Every structure is written in structure tokens, then in C-alpha cells.
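Chemist: Both chains come to you apart, so use the hints to assemble them.
Chain by chain, the residues:
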Amino acid sequence: MTSAAIEDLLQQSGSDDHACLRALLSEIEALGAGDVPAPSAEVLALMAPSTGVTRPRFMSRRRMAIVITLAIAASLGMGATAAAAAIPEVRHAAQNVIQAVMQVVAPGLGKTTAPFGSPSRGDDPDPTTHSSDSDGQRRSVTKSSVSPPKPTSAPSPPRASVVPANPHATDAPVGPPAQIPTGKHSPPAQPHAP
Amino acid sequence: MVVGNGGSNPDERLLFTVAYRQHAATVNGYLRSQGLPDPEAVTQDVFLALFPRLAEISGGSDGLRALLFSIAHARVVDHHRRRSKAPTVSEYDPESDRRTTHSAEDVALASHSHVQVLLYSLPDDYREVLALRIIADLSLEGTAQIMGKTTGAVKQLQRRALAALRTQLSMNAESTS
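Chains as they are written, first to last, in this note's numbering: chain A, 1 to 194; chain B, 1 to 177.
It should be emphasised that the hints constitute simulated quantities derived from the structure, not laboratory data.
Straight line, CA to CA, 20 Å or less: simulated EDC-like cross-link-like pairs of lysine to aspartate or glutamate:
| hint | chain 1 | residue 1 | chain 2 | residue 2 |
| --- | --- | --- | --- | --- |
| 1 | B | Lys149 | A | Asp8 |
| 2 | B | Lys155 | B | Asp125 |
| 3 | B | Lys155 | A | Asp8 |
| 4 | B | Lys149 | B | Asp62 |
| 5 | B | Lys155 | A | Glu7 |
| 6 | B | Lys155 | B | Asp124 |
| 7 | B | Lys155 | B | Asp137 |
| 8 | B | Lys85 | B | Asp125 |
| 9 | B | Lys149 | B | Asp137 |
Chain A regions said to be covered by chain B (calculated; three or more residues, Cβ under 8 Å):
| hint | stretch |
| --- | --- |
| 10 | 3 to 12 |
| 11 | 21 to 27 |
| 12 | 31 to 45 |
Note that this is a predicted model, so its numbers are computed, not measured. By construction, the Cβ of each residue, glycine as well, lies at the ideal position given by its N, Cα and C atoms.
If we strip away everything but chain B, and leave its shape as in the complex, we get (with noise of 0.2 Å):
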């Protein structure tokens, strides 16, 4: 399916009404998935770069998603690199450092739920391929296509990547007992 050709007919209009609400939710737990600050801003983002290109959207809804998903994984790709480049460096407030019975690390990972610990806790390609598996729905191709690999190189790495988090689990046992 190719649809429309371009500008803001109402039939672009409509497609990228219902493009939001079917998959706004999705894109925002991606992002959560991946550890992004302001997933939300990001996910209206994500959409605002899809409009334009809705015109290359091929393969109906599923063609649709991968378009979208593979706008949301470059502004992952980003924030990594950012990230990795420049460091968030914010101020000292002492009035805000509960550092007395807490680490800065633990008050920071209790404002997410334990499965995202666990994500955080897995290297950024296990992370994704998981999320992009799952969150997501593509398929292995579909998966293979955004993160430029192969399928055989994406189903080694979701193999790894859930001994990864077996392993995390084995371990969140053990210390919980």
C-alpha cells in the first residue's frame, strides 16, 4: 500500500490520527524501555518526523510500523551518542541529597519499575533487539532492517540477550534470599 503523495490532504490527516493513537503508546514504552529522560516529548517527536514521511509508507500497518519504529530507534541511536559524548552534568543541591541512607543510583532506579532496572542493567543492543521484539511486534526481519544487521546476527543477539536477563534474574533471586 502506498499512501498519499505528499502535503496535508485529509486522507494523510486521518492516517496520522490513527497511526497516533494506535501506536503512540507503543513508541512511548519503547522509549521508556530504552532509558530515554522525557519519553513523552520524544514520542510526540517521533510523530512529528513520521508526518512528513508518510508518503514512503509501504506494506500497510505493518509498513507503518516499521517506518515508525525505525524514527523512534534513530532518536534512541542519539541519545546514546549523546549521551556517551557529553555527560549530563546538573548542579549540587544539597537540600536534594538523600545520600545518607541511599545511593544516588538506588533513589534514581526507585522511580522505575524493576523490569526497567532490569533493561537498564542489559547492554543497549540487548536492550533494543528485546524491545523491538517485544514492545514493538516486528518481526525478525522487520528488526533485523532497523538495527542494520542481519537476521542471523539479530537472532544470535536475542538469544544472548535473554541468557542476559536469566542471568539477572538468577541474580535478583539470590540476593533478594
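For reference, chain A alone in the conformation it holds in the complex (with noise of 0.2 Å):
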């Protein structure tokens, strides 16, 4: 097989007796068709770094497909979750489950954390909310989900659902156990800032 240069070089010469000169011109031809040579040092200096050419590349797509098959399997661990928490028997057996989970991994956190998807304390300026989500230790957080905040309540004040919930906030100003629930309201940040 010869290439479109050599049919235009023969084609050119205007010479009727090309058979004999295809396969020669074609190991002509390849003599440009061997390894690329390794390149010195002078000229690997002025290349690109190798990471721009083809490594990204492969990266991008490994890493497209890692976000495509977590993104697949998120909708539908969605799909499920959304399909169970239409009855009532699921969703409370799913509440009690996070919620021991939560005691274990971390018992201060499990008695005054909202649900996931609600807001966080520390970010929620309003104090009523805080009442309400203090209002019954354990049961706060499936009524914050269920029903409405009880509006004839005592309000409590909003660090009252903060120190009891972390007991070891003010004794311990560096352990990060005891920051992470108290947030940007935490008590023991403050004498401690510069």
C-alpha cells in the first residue's frame, strides 16, 4: 500500500512503469516511520512537564468515571430512601439506627443534633428554633422532623441546649471532640483567641 505522497510523485513523473518503483519508494517512506528518538537534555528542558500531555487525561477519565458511578449510586441510594421514608415503621427504625450510630461514634453529639439536612445550630441565629430543637433530649429530634415546634413553650435560652449537650466544652478548651458540636458559639474558643 502505498501513501498519497508516493501516488503523487509517480503521478508527477509522468513514468508509465510504477510497479517496480512502489515498494521501493515505499521503504523510502518508512525510513520517517521509526521511533522518535529519545530527546537530549537541552531539548527536554524546553518541552512542557509530561503531566500536561496525557497524565491528566487518564486522571480526568478515571476520576469521571469514579464520580459517575458514585453519582449513580447516590441517586439511587436517593430513590430508596425516598421510597422508604413514605412509611412510618421505616423511617422511625432508620431514626433509631442513626441515632445509636451517632451515640457510638460520638455520644456527646447524638442528644442535640438535628437531623441531617437541618440547619446547625451554630449557624442559626434565631433562639427559637433552639428551644424547640432542646425541647425533649432524645424525642427533639424526631418531633423536630415530625411535627411543628410547640409555639406555647418555655423558650429556653439558646446555650442551654449547647452545655448540656457537651458537658466537657468548658473543661476542655483544645480537644477537638468537644468543639465540633458547639461550633463558632463554643464557649471555650473565646478566652483562648488571641
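Modeler: Below is the structure:
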């Protein structure tokens, strides 16, 4: 098989006897089809970093595959969750499981933390929401997600929901577990701030 | 297409990298076909000479190839000029003298393929026009520009080069039979 360059050359030469030349011209063409010679140090210094040409494309494809897989799994999980949330028994069982896990993972956090998706205490400036959240320790989690907050209940101060939830917050100023649930309203953070 | 404006910005480095990966093997093959003693080293020189001239490129990839092979052609011309003025002299080493069975020419040519041997038997202009047209894949006009000739002269040159190749082929066939 000859390339277009060879055919072009043979046509322009005007000769009829092409058969014996085609194979030879193909061999001449093959001289330029060898391996790429290794660049010298000087040439290499002028080149772009190797990471900018091939590897990022490969990595981005892998990352894209991972992201797509996670997105599919998340969408399937959300569909199953939405279907299960319509059944009250499943919903209560799920909440119990979540609370049990939270007590094992973070014992001080499970009593006063709002369920997933609700705003955190530290970010909410309205004190009335804190009173409704801290209404009845464990029940407050289920009630706040199912029933509306009681308008007539006695409002408790906003920090009252924080201090009992994490009694170590005032004693342990530097420990990370004490600072995670208290957020930016953490009492020990202020005296130690420079 | 006009690429860059001098210097060594990332775009030019990227263009240089792509140019090397796409054309280094072709430049190396072109230089080998012209009988240079160390084509790989000259290939590196060609690309080092290309880098500061990247801003001159116009005409896209065809322009890049034309500039690249005009640099390579200049190196080949320099080589032939040096060789004609001052032939290479090497010390005589009796241990490497194997002329008891073959001539020195035979030993030298044995390291090349029969295509290279055929090409070396052609005049410089014939060999040059064939390499630029076939290996470098340049057009008639591009070849004429690099060789400093008119397109009509290049057409005539390539016709004669093919005729010389055909003659060489028939001579080889006669000698083997």
C-alpha cells in the first residue's frame, strides 16, 4: 500500500512503469516511520512538563468514571430512601439506627444534634429554633422532623441547648471532640482566642 | 496560524513538545536518508534551532513542517559542504582492517539498509528531492521553497531522480541474477 505522497510523486513524474518503484518508494517512506529518538537534555528542558500532555487526560477519565459511579449509587440510594421514608415504621427504624450510630461515634453529639439536612445550631441566629430543638433531648430529634415546634413552650436560652449537650466543652478547651458540636458558639474558644 | 510571540511561555513549550513527538522520527529518517553520520544528534540540533523560531510559524501544521525541514535541509547542506571541503580523516587501526575479504566500502555499506545504499548512490539533489517529497511529505511548492528552486525545476528533478532509481534497481537486478 502506497501513500498519497508516493502516488502524487509518481503521477507528477509521468512515468508508466510504476510497479517496480512503488515498493522501493514505500521503503524510503518507512525511513521516517521509525521510533521517536529520545530527546536530549537540552531539548527536554524546553519541553512542557509531561504531566500536562497525557496523564491528566487519563486521570480525568478515571475520576470521571468514579464520579459517575458515585452519582449513580447516590441517585439509587436517594430513590430507595425516598420510597422508604413514606413508610412510618421504616422511618422510625431508620432514625433509631442513626441515633444508635451517633451515640457510638459521638456520644455527646447524638442527644442534641439535629437530623441530617437541618441547619446547625451555630449557624442559626434565631433562638426560638433552639428552644424547639432542645425540647426533649432524644424526642427533640424525632419531633423536630415530624411535628412542628410548640409555640407555647417556655423558651430556653439558646446556649442551654449547647452546654448540657457537651459538658466537656468548658473543661476541655483544646480537644477537637469538644469543639465539633459547639461550633462557633463554643464557650472555650473565646477565652483562648488571641 | 501565528503561534506565540517569542519567549518560552507554556503554549510554546506545549507546541514544541507536540512538534517533537509528531515530527522527530520523520526528521531523523530524513537525516538518515541523507547519509549524515549521527542523525539523532542532528535531530536534536534541528529542534533546538526550531524552538526560538516558533513565533515565525504560519500556516498551521504545514507551516510547522515546512520550517522544521527547512532547518533540517540547512543542516544537510552544511554537512555536504563540510564533507566536500574537508573530508573526514580517521586513524588507521590494523585490527579493524578487514579488507582481506571485503572492501572498506562494502563494510561501511553493510551497516545500512539496501534502500539507504540505493539513496547514497544518487546525486545529492535527487536524494534530497525524494526525501523531502516522500519522507517529509512536503508538497511540490514546499519542496521548491526549501530547495530554493522553482516548482518546474523540482518536478524535473524528481522525474530524473525516479529514473535514476529505476536504473539502479535494474542494475542491482542484473548483478544478482
